[in-house]
Amino acid sequence: MALRNEASAQVVPVAVFRHRTLADREDLLGRLMLAPAMAYVLLLVGAPLVLAVLLSFSAATAGSLSFSWVGLRNFATIVSDPQFHSALSNTVLFTVVSQALVVILATAGAFVLDAAFVGRRLVRFLILLPWAAPVSLAAMAWTWIFDSTFSVINWTLKVAGVLHGWFYWFGDPTLAKIAIIAVHVWRTFPFATVIVLAGRASIPRDISEAAVIDGAGFWRKLFQVELPLLLPIVTVAVLFGVVFTSTDLGIVYLLTRGGPYNSTHVLASLAFQRGILGADLGQGAAIALFLLPVLIVVAAAMLRLARRTEVGT
Amino acid sequence: MTARRALRLVRRAILYAAATAFTVFAVMPFYWMILTAFKTNQDLYVGATDLSHVPWIFNQRPTLEHVKLLLAHTPYLTWVENTVFIGALVVLLTLIAAVPAGYSLARLTGRWGERLGIGIFLTYLIPPTLLFIPFARVIALLGLQNSVWALVLVYPTFTIPFCTWLMMGFFRSVPRDIEDQAMIDGYSRAAVIRKIVLPLAISGILTVVIFAFILVMQDFVYALTFISSVGKMTVSLGVPVALVRGDVFYWGSLMAACLITSIPIAVVYNLFIDRFIAGLTAGALKG
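So the sequence lines, in the order shown, correspond to chains A and B.
According to the working numbering, the residues represented by the first sequence are 1 to 313, in order.
According to the working numbering, the residues represented by the second sequence are 1 to 287, in order.
Just so you know, these hints were derived from the structure itself, not from any lab.
Since this is a predicted model, take the numbers as computed values, not measurements.
We put the beta carbon where it would ideally sit given N, CA and C, even for glycine.
One thing to keep in mind: the hints can contain errors.
What the hints assert, rightly or not - Ranges of calculated distance between the beta carbons of each label pair, as one might list FRET restraints:
no., chain 1, residue 1, chain 2, residue 2, range
1, A, VAL96, B, THR2, 44 to 50 Å
2, B, ALA3, A, ILE203, 27 to 33 Å
3, B, ARG176, A, LEU229, 26 to 32 Å
4, B, SER203, A, LEU303, 28 to 34 Å
What the hints assert, rightly or not - From chain B, some residues computed to sit far from chain A (all C-beta separations above 10 Å):
no., residue
5, ARG5
6, ALA6
7, ARG8
8, ARG12
9, PHE58
10, GLN60
11, ARG61
12, LEU69
13, LEU71
14, ALA72
15, HIS73
16, VAL148
17, ILE160
18, ILE202
19, LEU206
20, SER229
Could you put the whole structure together from the sequences, leaning on the hints where they help?
If you want it as structure tokens, here you go:
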């Protein structure tokens, strides 16, 4: 270090006499470098978000560019619509059930991947596959797995002697819901596992070791030391999972198109059906807007966590 | 002594059993893709009620028929071209916006930059399903309906926030001393960025390129909303929506398409996942 200072000592005066340019005005440079990203986000995320709210109070259609204010009419229509009720409760059901399962699977998965065993890297690669693959392609694989005539799951259950009748996966509302939740779990648990795994790595090992020295058994160590320490990072994983699941359109759209008898619609798929396919942008926007409270809660929770813990997102 | 050894053996057994269970659950659909993509039709379309025909294995010699059909007689390669074209432009736009913004937030803007950084990251949480309806209006206004340019315009709305956050994390992991030293040596801030910071952040930039491209490949909602002609579709829209003959799916080629598309993405994703996680967590650490 000292050597470098000496060697560069003769350069310093040059900097002193050099004319101050934009390149030295740090605050200005900072703003300038930030400008393109800020502009994009404000113009193409901020403005559309405002537009989404405005559209929900209008009778806008996809066909024309007219814009007429109708007040709360769209909301009145959807609130009295049983299909909207079922979409809302399905969104909650799919999100809560799948994320509850993901928490358990991801925590267990992180424990497994953190242990040393032969083939660990391969197992990690394979477990990540569902998250890395494009969601629409994965959904097609599942559509084929649940096919009414060729379902390999039915074949396996039959051979195992568990299934006596026949499962028409997308012909029965309950089965269709189970199928959708299964695909959500399958898709989000790898991501949650990797996040929890990273969180585990950042917890000092000596805390666990100290617990063992102090005489804590396996279960006590697990429930009173390791899991509480993991809680913040697991929460982060769940918050992401809630956003991905509650706002998903691809899985429901490709697996069931909201069927059978419109029993599996979620807010996103209903908004798509009414707003885009039905060309009633106003109503579609009103339906989609019901996702906003979820996102606000998630964002607030993330901010709190980021402030409280070092490992934030 | 023997009791402890037995306990350890049991623990090993549970560990391997759990690892196997997780792997089977994760991989099963991909294994099913492989089987379907290379099975002959006689082997493939046997109803699941026929319990004597085991669907989990190749009962006949594997065939390349489905792959040949996919490549020669379907628009799959056109979709690949479209995706690469859109992806390349989106990556370019993302780099232009996210790399300087990431540096600015990491070094030049102080405390309000930190808050702004979190704000930008939170916009990544605003999902396509909330924005596709207003975008339908915007795209119509711009006359970009059914055009790949609609996607080029819209995809950076999620790649820029995400990649800005990642770049901020990478820039923060570059030791500040190196930059301070260079400025003492007479470099301007701009020169420091060009000659010292960017070369050090190459791996971060590469990660951003990869992830921006993967995010583009994973989108389904925007493509479904804006694109209606088969010839303009991306892979993740075309394969599930347009790879059907009349009402009949041809599953062999469909699964071949899923397989050929997913596996390279998964391999690249896996190579970069550690840097990705490092960037995410470093972004949250107080600089």
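Cross-check of the supplied hints:
{"no.": "1", "hint": "A:VAL96 / B:THR2: 44 to 50 Å", "in the structure": "holds, 47 Å"}
{"no.": "2", "hint": "B:ALA3 / A:ILE203: 27 to 33 Å", "in the structure": "holds, 30 Å"}
{"no.": "3", "hint": "B:ARG176 / A:LEU229: 26 to 32 Å", "in the structure": "holds, 30 Å"}
{"no.": "4", "hint": "B:SER203 / A:LEU303: 28 to 34 Å", "in the structure": "holds, 29 Å"}
{"no.": "5", "hint": "ARG5", "in the structure": "holds, 16 Å"}
{"no.": "6", "hint": "ALA6", "in the structure": "holds, 15 Å"}
{"no.": "7", "hint": "ARG8", "in the structure": "holds, 12 Å"}
{"no.": "8", "hint": "ARG12", "in the structure": "violated, 8 Å"}
{"no.": "9", "hint": "PHE58", "in the structure": "holds, 14 Å"}
{"no.": "10", "hint": "GLN60", "in the structure": "holds, 16 Å"}
{"no.": "11", "hint": "ARG61", "in the structure": "holds, 20 Å"}
{"no.": "12", "hint": "LEU69", "in the structure": "holds, 16 Å"}
{"no.": "13", "hint": "LEU71", "in the structure": "holds, 17 Å"}
{"no.": "14", "hint": "ALA72", "in the structure": "holds, 20 Å"}
{"no.": "15", "hint": "HIS73", "in the structure": "holds, 19 Å"}
{"no.": "16", "hint": "VAL148", "in the structure": "holds, 17 Å"}
{"no.": "17", "hint": "ILE160", "in the structure": "violated, 5 Å"}
{"no.": "18", "hint": "ILE202", "in the structure": "holds, 18 Å"}
{"no.": "19", "hint": "LEU206", "in the structure": "holds, 17 Å"}
{"no.": "20", "hint": "SER229", "in the structure": "holds, 16 Å"}
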